[in-house]
Amino acid sequence: KQEVTQIPAALSVPEGENLVLNCSFTDSAIYNLQWFRQDPGKGLTSLLLIQSSQREQTSGRLNASLDKSSGRSTLYIAASQPGDSATYLCAVNTGFQKLVFGTGTRLLVSP
Amino acid sequence: GAVVSQHPSWVICKSGTSVKIECRSLDFQATTMFWYRQFPKQSLMLMATSNEGSKATYEQGVEKDKFLINHASLTLSTLTVTSAHPEDSSFYICSAVPSAGTSVYNEQFFGPGTRLTVL
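Chains as they are written, first to last, in my numbering: chain A, 1 to 111; chain B, 112 to 230.
Don't read these hints as lab results, they were simulated from the structure. Some clues are possibly wrong.
[As the list claims (entries may be wrong)] Output of the computed footprint for chain A on chain B, the stretches with three or more beta carbons under 8 Å from beta carbons of chain A:
| id | segment |
| --- | --- |
| 1 | 127-135 |
| 2 | 220-229 |
[Stated by the list, open to error] From chain B, some residues computed to sit far from chain A (all C-beta separations above 10 Å):
| id | residue |
| --- | --- |
| 3 | H118 |
| 4 | F145 |
| 5 | Y169 |
| 6 | N181 |
| 7 | A183 |
| 8 | S184 |
| 9 | T186 |
| 10 | L187 |
| 11 | S200 |
| 12 | V208 |
Everything numeric in this text was worked out from a predicted model, so none of it was measured. Even for Gly, the Cβ is constructed at its ideal location relative to N, Cα and C.
Go ahead and model the full structure; you've got the sequences and the hints to work with.
What follows is the structure, encoded as structure tokens:
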């Protein structure tokens, strides 16, 4: 059974810092991995999707990497801003588009 | 593009009543939609896979007779919580996968969620 873990569970940083969120999964047989952002009481916003054959994806200040063989992905956020405060979720596609979600990292960026 | 809506955004109902939640893909067709449930401060758990024109596939531990899913068209799936009880109170989120042949195939797009509170 696929299990997805995110570390740390919570993170508080001052504005401007670069930070890394970690995601690990137990079964390397995945089709792709997605990073999402969730604001309190809201749905999910897709940030980046990495196909199993890719090593990384970039969008603006965000960079996600994938090491499928070791079961790890990282989300790098450069020059963090208060507006980045949210819960970040990673999810792996185990086949037939089924997503298994991680436990999430709650990020707080203070001004 | 690739917008998914849910209705209602929140609902409060009495114990024993049934509640229907709609999930619509607004600008694309989706053969497959998914329903997730999220309890406070927890991650999303997949409840079922909704396939247009066929029966839904439920995850282990999810009662199919309690959570009725109907995917009657390529843009609409509904989740009906029957005889709701307080323990069914949760945040329900749907997602839709664009049908093959579109530029964003292989990616899921999520609705804004529906907050259900059963008194």
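Results of checking the hints against the structure:
| no. | hint | result |
| --- | --- | --- |
| 1 | 127-135 | violated (count 0) |
| 2 | 220-229 | holds (count 6) |
| 3 | H118 | holds (13 Å) |
| 4 | F145 | violated (7 Å) |
| 5 | Y169 | holds (12 Å) |
| 6 | N181 | holds (19 Å) |
| 7 | A183 | holds (20 Å) |
| 8 | S184 | holds (19 Å) |
| 9 | T186 | holds (17 Å) |
| 10 | L187 | holds (17 Å) |
| 11 | S200 | holds (14 Å) |
| 12 | V208 | violated (5 Å) |
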